[in-house]
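**Student:** Chains as they are written, first to last, in the working numbering: chain G, 479 to 625; chain D, 479 to 625; chain F, 479 to 625; chain A, 479 to 625.
Simulated from the structure, these hints should not be mistaken for laboratory data.
A portion of the hints provided could be inaccurate.
To be verified - As a list, the in silico EDC-like pairs of lysine to aspartate or glutamate whose alpha-carbon atoms are at most 20 Å apart:
| hint | chain 1 | residue 1 | chain 2 | residue 2 |
| --- | --- | --- | --- | --- |
| 1 | D | LYS553 | F | ASP515 |
| 2 | G | LYS553 | A | ASP546 |
| 3 | A | LYS553 | A | ASP586 |
Bear in mind the structure is a predicted one, so any value in this text is a computation, not a measurement.
Number of protein chains: 4
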Amino acid sequence: MITQTMNKTITFTQQVEFGDCDPARIVWFPNFFRWIDAASRHFFVQCGVPPWHETEKTLGVIGTPLVDTHARFVKTASYGDVLQIHTHIAEWRAKSFVMRYRIMRGDDLIMECDEVRIFAAHREGDNASQPGIRAVAIPSEIRSLCE
Amino acid sequence: MITQTMNKTITFTQQVEFGDCDPARIVWFPNFFRWIDAASRHFFVQCGVPPWHETEKTLGVIGTPLVDTHARFVKTASYGDVLQIHTHIAEWRAKSFVMRYRIMRGDDLIMECDEVRIFAAHREGDNASQPGIRAVAIPSEIRSLCE
Amino acid sequence: MITQTMNKTITFTQQVEFGDCDPARIVWFPNFFRWIDAASRHFFVQCGVPPWHETEKTLGVIGTPLVDTHARFVKTASYGDVLQIHTHIAEWRAKSFVMRYRIMRGDDLIMECDEVRIFAAHREGDNASQPGIRAVAIPSEIRSLCE
Amino acid sequence: MITQTMNKTITFTQQVEFGDCDPARIVWFPNFFRWIDAASRHFFVQCGVPPWHETEKTLGVIGTPLVDTHARFVKTASYGDVLQIHTHIAEWRAKSFVMRYRIMRGDDLIMECDEVRIFAAHREGDNASQPGIRAVAIPSEIRSLCE
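Bound conformation, chain G alone (with noise of 0.2 Å):
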């Protein structure tokens, strides 16, 4: 017997401004990761996990920093370009989570995207001129928003 758990999956508009676009007329792709990390965020808003600055008073989350990503580009976007962003979470780890990423513009896969992410709280000693962060369990809470 199977037990399967569908994960939920969350769509971000996102249009493609002339700024984003470098001389070559394509997107530059850092931008690309400034709009999977707003991807990132709407899709804990969507699920209806509250903002970082409540959860850091509730469970001690102030955010889900990146360890790991891993992109590939496979068609170029430009601007009047609107495009899709699908996000869900692909696995949960003890520690971390895979967040997984498609960019499509209609059928057309622009870019898709597997990152590791963990839930961070403030690291002991952190302060202003030191600041440090520690991953912490996956909290139960946030987990069943996002199945």
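Use these hints to put chains D, F and A onto chain G, whose structure you have.
**Tutor:** The following block gives chains D, F and A in isolation, referenced to the frame of chain G:
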């Protein structure tokens, strides 16, 4: 008898990168403001003002947010250019000051900018969900370092 | 008798993202200029002006570079905020025009900005290693779409 | 007998600015990719490869767009930090190459990244409204400068 105070001028060097340019192959203008903000911070660092996370403890000052900016774009710049940003404080007011920037490429004036900035402290009731700031009187410890 | 021409006002909506904010937890100001530039392009698109790569062929116009900008920052904004950018052309001059922006969060004025922009064509001798532009007279085809 | 080709390593220095950091007071990760792209361009410049607007005329090569990137974030960085980005070409393939980056702060590894890039030319039918690129075989003139 005239007593003239010559304020310090600090020069910050900035290379223009490919990704700073737009499909017209010239610097996309918001990037000039990124560099001006960096030049502003470097001005204070070079004048010997401690980092804001230290002045937050000693003076309550958390930074110098912008109130008003007026920029004039004279010549275009493109990637490969090396720009010099000359920065000084043109005027001290009761609760604000004017920072003046001239961005040069060799002898060519590229852009000039006058900003009104304040020294900011946290506002009462400020917190993560309701960030707020207020202007404080010009700290004489900081002013004397910049003149 | 007063003949008043009411220029069109176009509203562009912009979400503030986590990465748009700085360590003071408020929007880092160069990002306002990113959004204003997008609002400027959307203004022309919404008024029915063709994309610049088309006007380049029909009118020689490659875009509307900025000559002068004056912005006033009134209230801070932070991530999660939804901003409305109201844009119209406040003045037509011989070879330039004034775009006026009001960035609102509900009823709160966050920032207002007046820009002087030109309609630009390639300058003679313009090429990839020496990019150059020149101002052209306001194209009546474009002006009539924006009024 | 082993013939080992040592590819050149070029180091690019990058200061972290206030505006590069997010509300968690650490570098917002898309900025690492901005710097890596700059380091990539500087690598070729330092190796003596002409700017892309020249190679466009001589070799048809307009740049080195990214096909795939894999990055690992090891330690956080914050404003005031000075980073060294060490760049070399780790592998030459038929129509692509692997650029390897190590971002260090003194002896601390901050981030490492492997990219697959191509040498790109305009695709037939490429124009402003349909930008398109294609991979060309590694130009031996460029390869020999980088080894």
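**Student:** Take a quick look at whether LYS553 (chain D) and ASP515 (chain F) sit within 20 Å of each other, Cα to Cα.
**Tutor:** 19 Å, holds
**Student:** For the pair we were handed, LYS553 (chain A) and ASP586 (chain A), check the Cα-Cα distance against 20 Å.
**Tutor:** At roughly 8 Å apart (the allowed maximum being 20 Å), ASP586 (chain A) and LYS553 (chain A) satisfy the hint.
**Student:** Would you check the hint for LYS553 (chain G) and ASP546 (chain A), treating anything up to 20 Å between C-alpha atoms as holding?
**Tutor:** Distance of about 12 Å is within 20 Å: holds.
Of the numbered hints given earlier, the model fails none.
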